[in-house]
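Asks: Chain by chain, the residues run as shown.
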Amino acid sequence: MISINPLGLLLAEGTESMSATAIIAALYVFALAAFLGYQVISRVPPLLHTPLMSATNAISGISLVGSIVIAGGTGPHHAKTATILGFIAVVCSTSNVVGGFALTDRMLRMFKRKQAPADTAKIASGNGHQKN
Amino acid sequence: MNWQTYFIEFSYLLASILFIFGLKGLSHPETAKRGMHLAEIGMALAIIGTLMHFEIVSYTWIIVGLLLGGLLGAAMGVWVPMTAMPQRTALSHAFGAFAAALVGIAEYYSYTHGFKDIAQLGHVKMGAMGFEIMLGALTTTGSLIAFGKLQGILPGQPLVYRGQNIFNMALLATTVGLFIYLIFVPTAVIPFYIMLALAFVFGVLLVMPIGSADMPVVMSLLNSYAGLASAATGFVLGNNVLIIAGTLDGFSGFILSILMCRAMNRSINNVLFGAFGSAATATAGAGEQGTMREVSLDDAAVQLAYASKVVFVPGYGLATAQAQHAVRELATVLEEKGVTVKYGIHPVAGRMPGHMNVLLAEANVPYSQLYELEQINPELSSTDVSVVIGANDVVNPDARDNPSSPIAGMPIIEVDRSKSVIVLKRGQGKGFSGLENPLFFKPVTGMLYGDAKDTLTKLVGAVQHA
Chain A
74 MISINPLGLL
84 LAEGTESMSA
94 TAIIAALYVF
104 ALAAFLGYQV
114 ISRVPPLLHT
124 PLMSATNAIS
134 GISLVGSIVI
144 AGGTGPHHAK
154 TATILGFIAV
164 VCSTSNVVGG
174 FALTDRMLRM
184 FKRKQAPADT
194 AKIASGNGHQ
204 KN
Chain B
161 MNWQTYFIEF
171 SYLLASILFI
181 FGLKGLSHPE
191 TAKRGMHLAE
201 IGMALAIIGT
211 LMHFEIVSYT
221 WIIVGLLLGG
231 LLGAAMGVWV
241 PMTAMPQRTA
251 LSHAFGAFAA
261 ALVGIAEYYS
271 YTHGFKDIAQ
281 LGHVKMGAMG
291 FEIMLGALTT
301 TGSLIAFGKL
311 QGILPGQPLV
321 YRGQNIFNMA
331 LLATTVGLFI
341 YLIFVPTAVI
351 PFYIMLALAF
361 VFGVLLVMPI
371 GSADMPVVMS
381 LLNSYAGLAS
391 AATGFVLGNN
401 VLIIAGTLDG
411 FSGFILSILM
421 CRAMNRSINN
431 VLFGAFGSAA
441 TATAGAGEQG
451 TMREVSLDDA
461 AVQLAYASKV
471 VFVPGYGLAT
481 AQAQHAVREL
491 ATVLEEKGVT
501 VKYGIHPVAG
511 RMPGHMNVLL
521 AEANVPYSQL
531 YELEQINPEL
541 SSTDVSVVIG
551 ANDVVNPDAR
561 DNPSSPIAGM
571 PIIEVDRSKS
581 VIVLKRGQGK
591 GFSGLENPLF
601 FKPVTGMLYG
611 DAKDTLTKLV
621 GAVQHA
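Chains as they are written, first to last, in the numbering used here: chain A, 74 to 205; chain B, 161 to 626.
The hints are simulated quantities; they were obtained by calculation from the structure and are not laboratory data.
Everything numeric in this text was worked out from a predicted model, so none of it was measured.
C-beta: ideal position from N, C-alpha, C; glycine also.
Hints should not be assumed to be uniformly reliable.
Result set (PhoX-like, lysine-lysine): computed pairs, CA atoms no more than 25 Å apart in a straight line [claimed, not checked]: (1) A:LYS153 - B:LYS276; (2) B:LYS469 - B:LYS602; (3) B:LYS618 - B:LYS579; (4) A:LYS185 - B:LYS184.
Covered by chain A, according to a simulated footprint, are these stretches of chain B (three or more residues, beta-carbon under 8 Å) [unchecked claim]: (5) 273–285; (6) 411–423.
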């Protein structure tokens, strides 16, 4: 939210003592997300690395929320150039979100443990590909 | 804070949690689908929440943008064939990074053109913004070049010239120099646009010298950069869900790059600046002499039909020949004859991480038959026939046996340990890295030339009659 935007306030004559805390808080979020990301993603088996890339791509399309705010601000207090740039960003991000999730779903639907029922010749193997 | 702000913040918090659950689901194919649905719900919540933002005055551009992007994304989601996944992923990295860069540019423009209070543009904010724009810009053009190479619009070979690395380093140093200058003087508009332009140029020059065979690493790196650019956007806008999602994406790409590099026994530096597969490295390993033994289709069919265990080792050639369905048909016929069929998947087979797994899954191969490198290697000595389909470097015994080989130390799928090897290959040419492959000259190896899809389809018929 722009209203609680911490970073720009840091240099504002030091009057905003809250801003430094806000930056530290943002860094905390970053560090914890990095740690969590490492833990969660290193458990993804190579089998699913392509869906993983597609999924993280879709998720990082969340930058759409930033683009929306910029594209939606029109009027005398808002730059027309910014609106246009925001609009292009909305198109790019939305296509990543929609396309990314659609493709991930499509890929994941293809991963089947057993062969289609028509093929009965499947050799029952207890090899258990799952690794955790 | 008014109620809208609470609602928005709460939707972002929920979205962050759902994203993490979504990625956690990806640790197993059984839970992955549900995980993705959670992530999708999170995304929808965050978008709905954002639409209530107090700064939004007009919805016209937003709705048009959402519709246009949604259509574009849906079209890609539905129509992109699995063989084209690497290209489409490269394109989406470009889109994501471009969006991040545009948000940064729009913000900077608003500050420097009096639409926002310039006094608010502090050093730290400028740092985050500059980082976002620089990384976003270079990832945009870098990904577009990767897309061009994967799509075949640009030559896949590394494009090298004398003094390239020095020139690139100088360019990067200039860009970063301008970035640092901007942190101290955020109002320097002209240096800002020069930095932006240089970052775009650097992205092109960064990926041009990298050969197609190294694409899995490049894709992972660009994935990482696109994610970090999004995370930087989060810092600029003070938005936690952006920081979290961007960081998850960035780290995912980072982990994948490390895994890919390890699977090639190379450092990231070597991949980025080594121009692997260019003329300079191609001469190594020459002088490998001997004769290749060609095997006839019928002989191959008999070998396969009377084997008790067959391992398929696919490479990028499987994707170019679109042969995934044909290999699956052959496997079905073999299984009907009581043959055990497994697939050995090298981490860097194909053009992106997990490429082969997705192709084979598309052809209805159950994932319990897909084996990783470490799992399949101990089984190969008890394998009757290994069938190499359009793979080369990942089965090159030189990596194991010849310390002076450029790919020395790269873990390989040791098909030469199996009782017999059939190599499906388009022609007698060398692999992408330009290296001679001693596997082809080994007595156990029989070469079966021709288009992989065509050959496999013929083998299906021949095995049925064998």
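Asks: Does each hint hold? Answer for all of them.
Replies: We went through each hint and held it up to the structure:
no.	hint	verdict
1	A:LYS153 - B:LYS276	holds (13 Å)
2	B:LYS469 - B:LYS602	holds (20 Å)
3	B:LYS618 - B:LYS579	holds (23 Å)
4	A:LYS185 - B:LYS184	holds (19 Å)
5	273–285	holds (count 9)
6	411–423	holds (count 6)
Of the numbered hints listed earlier, not one is contradicted by the structure.
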